[in-house]
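Student: Listed below, chain by chain, are the residues.
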Amino acid sequence: MIDIRNFSKAYGTALAVDDLTFSVQSGEILGLIGRNGAGKTTTMRALSGIIPSGAGEFIVDGFSLSDAPLELKRRTAYVADDPRLFSDLSVEQHLKFQSSVYGIKNPTDEVCKLLEIFELEPKRHCAASTLSRGMRQKLAICCAYLQAPTALLLDEPMTGLDPHGIRVLKNTIVDRAAQGCSVIISSHLLAMVEDICSHILILDRGKRCFWGSNVEFKERYSQSETTEPNSLESAFFSSLTELGNEVASAISDDTGSLRGPSVDIDSTIDQ
Amino acid sequence: MDRVFPKALNHLLWMRFKEKLKRWIGGFQSPRRRLIALIGTVLGLVWVSQAIVGILFRKPAEHQSMIQWTAIGLTLYVVWQVLKTVTRKPFEPHEWSPAEKEFLLTSPIPRHQLITYRLTGIAIATFIKALFVSIILIPDLPIWPVGFVSLFLGLLFIEVFRVCFELVFFGLRPKLRHLCRGSVFILLLCPIAVIWYRTLMVMNEPSTQDLPMSILLFKSVLVEMNTLANSAIGIGLLSLMATFSEAIFTQAFTIAGFLNFLKILLVSGASLAFVYRLDQWSLSRAKIEERLAVGKGISEMDSTRFHAATKRARIRVPFRMKGVGAVAWRQLVSAYHFRMTLLISLGIPAILCWCPLFLDSNPEATLISVVGGLLFYSFLLLPSALVLDFRRDLDRFEVLKSLPVATIWIAIGQLAAPVILATGFQAGVLLVATIFSSIIWSQAILAGLILVGFNLLIFTGENLIFLLSPYRRNQEGLDVFIRTVLTFTGKGIVFAIAVSVLLFWATLSVFIVGFFELSAGWAVSLFCLGLWLLIGIVEALLLLGLVRLFDRFDPSEDCPALN
Chain A
38 MIDIRNFSKA YGTALAVDDL TFSVQSGEIL GLIGRNGAGK TTTMRALSGI IPSGAGEFIV
98 DGFSLSDAPL ELKRRTAYVA DDPRLFSDLS VEQHLKFQSS VYGIKNPTDE VCKLLEIFEL
158 EPKRHCAAST LSRGMRQKLA ICCAYLQAPT ALLLDEPMTG LDPHGIRVLK NTIVDRAAQG
218 CSVIISSHLL AMVEDICSHI LILDRGKRCF WGSNVEFKER YSQSETTEPN SLESAFFSSL
278 TELGNEVASA ISDDTGSLRG PSVDIDSTID Q
Chain B
3 MDRVFPKALN HLLWMRFKEK LKRWIGGFQS PRRRLIALIG TVLGLVWVSQ AIVGILFRKP
63 AEHQSMIQWT AIGLTLYVVW QVLKTVTRKP FEPHEWSPAE KEFLLTSPIP RHQLITYRLT
123 GIAIATFIKA LFVSIILIPD LPIWPVGFVS LFLGLLFIEV FRVCFELVFF GLRPKLRHLC
183 RGSVFILLLC PIAVIWYRTL MVMNEPSTQD LPMSILLFKS VLVEMNTLAN SAIGIGLLSL
243 MATFSEAIFT QAFTIAGFLN FLKILLVSGA SLAFVYRLDQ WSLSRAKIEE RLAVGKGISE
303 MDSTRFHAAT KRARIRVPFR MKGVGAVAWR QLVSAYHFRM TLLISLGIPA ILCWCPLFLD
363 SNPEATLISV VGGLLFYSFL LLPSALVLDF RRDLDRFEVL KSLPVATIWI AIGQLAAPVI
423 LATGFQAGVL LVATIFSSII WSQAILAGLI LVGFNLLIFT GENLIFLLSP YRRNQEGLDV
483 FIRTVLTFTG KGIVFAIAVS VLLFWATLSV FIVGFFELSA GWAVSLFCLG LWLLIGIVEA
543 LLLLGLVRLF DRFDPSEDCP ALN
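Those sequence lines, one after another, are chains A and B.
Here the first sequence stands for residues 38 to 308, numbered as in our numbering.
Here the second sequence stands for residues 3 to 565, numbered as in our numbering.
Among the hints, a few may not be true.
The following label-pair restraints were derived from C-beta to C-beta distances [as the list claims (entries may be wrong)]:
{"id": "1", "chain 1": "A", "residue 1": "H201", "chain 2": "B", "residue 2": "R316", "range": "21 to 31 Å"}
{"id": "2", "chain 1": "B", "residue 1": "G455", "chain 2": "A", "residue 2": "S124", "range": "27 to 37 Å"}
{"id": "3", "chain 1": "A", "residue 1": "N143", "chain 2": "B", "residue 2": "A429", "range": "27 to 37 Å"}
{"id": "4", "chain 1": "B", "residue 1": "R18", "chain 2": "A", "residue 2": "S124", "range": "21 to 31 Å"}
{"id": "5", "chain 1": "B", "residue 1": "G184", "chain 2": "A", "residue 2": "H201", "range": "40 to 50 Å"}
Just so you have them, the derived chain A footprint on chain B, three or more residues with Cβ under 8 Å [as the list claims (entries may be wrong)]:
{"id": "6", "stretch": "316-328"}
{"id": "7", "stretch": "335-341"}
{"id": "8", "stretch": "404-412"}
{"id": "9", "stretch": "554-561"}
Treat the hints as calculated values from the structure; they're not laboratory data.
Beta carbons are placed, not taken as given, at the ideal position from N, Cα and C, and that holds for glycine.
Turn these sequences into a full structure, and let the hints guide you.
Tutor: Okay, here's the thing in structure tokens:
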């Protein structure tokens, strides 16, 4: 289970995330949606201990990042949108490194299985620097899966993947969740989010706009007649105007002045 | 002008310069970077005051000797550039940054304009370097403006030569490239071997036996370099750089001087023009190589079949050891990839360290000379030869920070590879020295143990400096030059303090032993004990600093931009 309470983060004077609170239960898949710069990646990086958080508490399976960072990291796997691999290490050496760090005693079977399902077997002995964008993404996902995390954080995981890779990833995410893993996926691919996510969290300018189940979200915002009814996409676009106004008024209430113009996406798209 | 250099590129250069300046000033305003900005300012002031004192109170060096040593210095700089190019992996000419590749190389800008853009960047950095050096050389330069311009042209020629050499090297077929690499090493080893042999001959002469060995060695190397420079081969090798050197130290406005200046202007101009031709040649060669590679490429099917046989082999996981094992193993795998480069960069100092073995001297003096040599090269060369720690992982800090390993173990794991390799190198040198001379084993082991502590200090210090002010490797430019000058000044100050402390402690040890009327052996024991204690305390402090800095490092804010 992932629990984030009152998380805030600022870069210089710019507030990236503002008092964010949410949780993901075991077996849940949470889709993190928002515009560019909404604070999605910052939230994930802070949760995985990469960047220091300004304020707030991160808890995974009862282990807090401030009190037991190693226990939290042992249970958390983060796959970045542009994975940073060790250029000198081969595909297999990456998995060896991961096994060593996470104390996996005999990883042979699991490694073979992962390499096979992600079609990396032919590249097993190739250096990471020679891999294509999609293959690097697949290797990062293999590394994450190998450690058998209870909290899986995926930042734009479909970037660069081929159709087969996308299908495999979607299936494996659902499988992991069924085994009790809490998953957070940040993505702009709303169809994919609708397919596999049980819950939705919408962020805008660092603030939480909506947090609830997929069904609840669609029920609440499926009023638009411009696109296909009852889809996450139509609900999302119809929610934008309303949520945008809510955020704008929230910011206005906090500071006394509006920090940025509220954009009416629907009218912009119509234009 | 627009045809050669479009307005867009002109603006880009100017905007990048402004942004760099803004970021640099911003460093002073940010509370997180204020300490490092302060240290940088203090070191900068020390360097500037040192330079001013040198300019005001230093007597000008002898004119002819300045000409000769400047020519030697510039030639050695050329050799360094060649060596740097042939040992670099992976190889690519022009060093385009990712942003330049994505924006400039894909934009509708002709190739020759892109080359002009690259050369302009090099020229600006060279101009500032030449300005710095010529200010320090004010007492030695008879006509400063001429000296400055000539120095700028000399340094620019070397940089352009490097670009040309890179283009040629890149254009070669892989086999020829290996041959070229080997030839460079052989050509480099020949003069080193000659100087080494002749130095040993001179050092064994009875008249020179009174001088301390390290000073004698340094002096003899300089004398032999001078002798080689005055030989027919040396004159031939130095002739081009001697022309630049003579122009730098021109004493009066004469016709001969003017012609010499014209010569270097033409050489520099011609080398610049040559870059464009070579770039075209290198591009066409790359295309041919690509075509050949496609022709004889191994099919994916074959490699799949090959790997299918090995895929079920049991995977052996490296020892974890609280995470230290995994992190160190990763760096050692990288070291294995660069084994030839490492062998060469450690082999040359090893040969130099063994010089004292060829002299007729007592075992203690030989040991002191070998250990002195090891200390000197370890301090000077090993940190840049063994970049197998935080310094090569700037873009992977995210991965390191997300590992379930305590920061102290990550730091120790990162430092392990360079310390192990440096210790292995020193142990090898000491082992050979002890086998082939009358050095006492116990003394050699004691010295080796002290050197381990010294290695820890060197690499922890280097990483601490890196985390204070992170930078990208293989980056050129003014900020890199300033950082190098400041780091060098800082290291010089630390070295001076360390030597003073050691001398003080050695004197105190002798005094304490004398006071209690103990044997001389006690003085050595006391000195070594104190030294280990001191190294231990300083190392612990440095390691704590390193851990704290890595903990506070924020990859999203503290990583320098990719140019």
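Student: With reference to the structure, classify each hint as holding or not holding.
Tutor: Checked hints:
Checking the proposed 21 to 31 Å range against H201(A) and R316(B) shows it holds: the Cβ atoms sit about 28 Å from each other. Separation of G455(B) from S124(A) is about 32 Å and conforms to the stated range, judged on CB atoms against 27 to 37 Å. Roughly 35 Å separates the CB atoms of N143(A) and A429(B), a value that falls within the hinted 27 to 37 Å. The hint said 21 to 31 Å for the Cβ distance between R18(B) and S124(A), and at roughly 26 Å that hint holds.
For G184(B) and H201(A), the hinted distance range of 40 to 50 Å is satisfied, since their beta carbons lie about 45 Å from each other. Evaluation of the coverage hint for the stretch 316-328 of chain B: fulfilled, as 10 residues show C-beta separations to chain A shorter than 8 Å, against a requirement of three. Requiring three or more residues with a Cβ within less than 8 Å of a Cβ of chain A, the coverage given for the stretch 335-341 of chain B holds, as 3 such residues are present. For the stretch 404-412 of chain B, the stated coverage by chain A is satisfied: 5 residues place a CB nearer than 8 Å to a CB of that chain, which reaches the threshold of 3.
Here the stretch 554-561 of chain B counts 5 residues with a CB under 8 Å from a CB of chain A, which clears the bar of 3, and the coverage holds.
Comparing the model with each numbered hint stated earlier shows that all of them hold.
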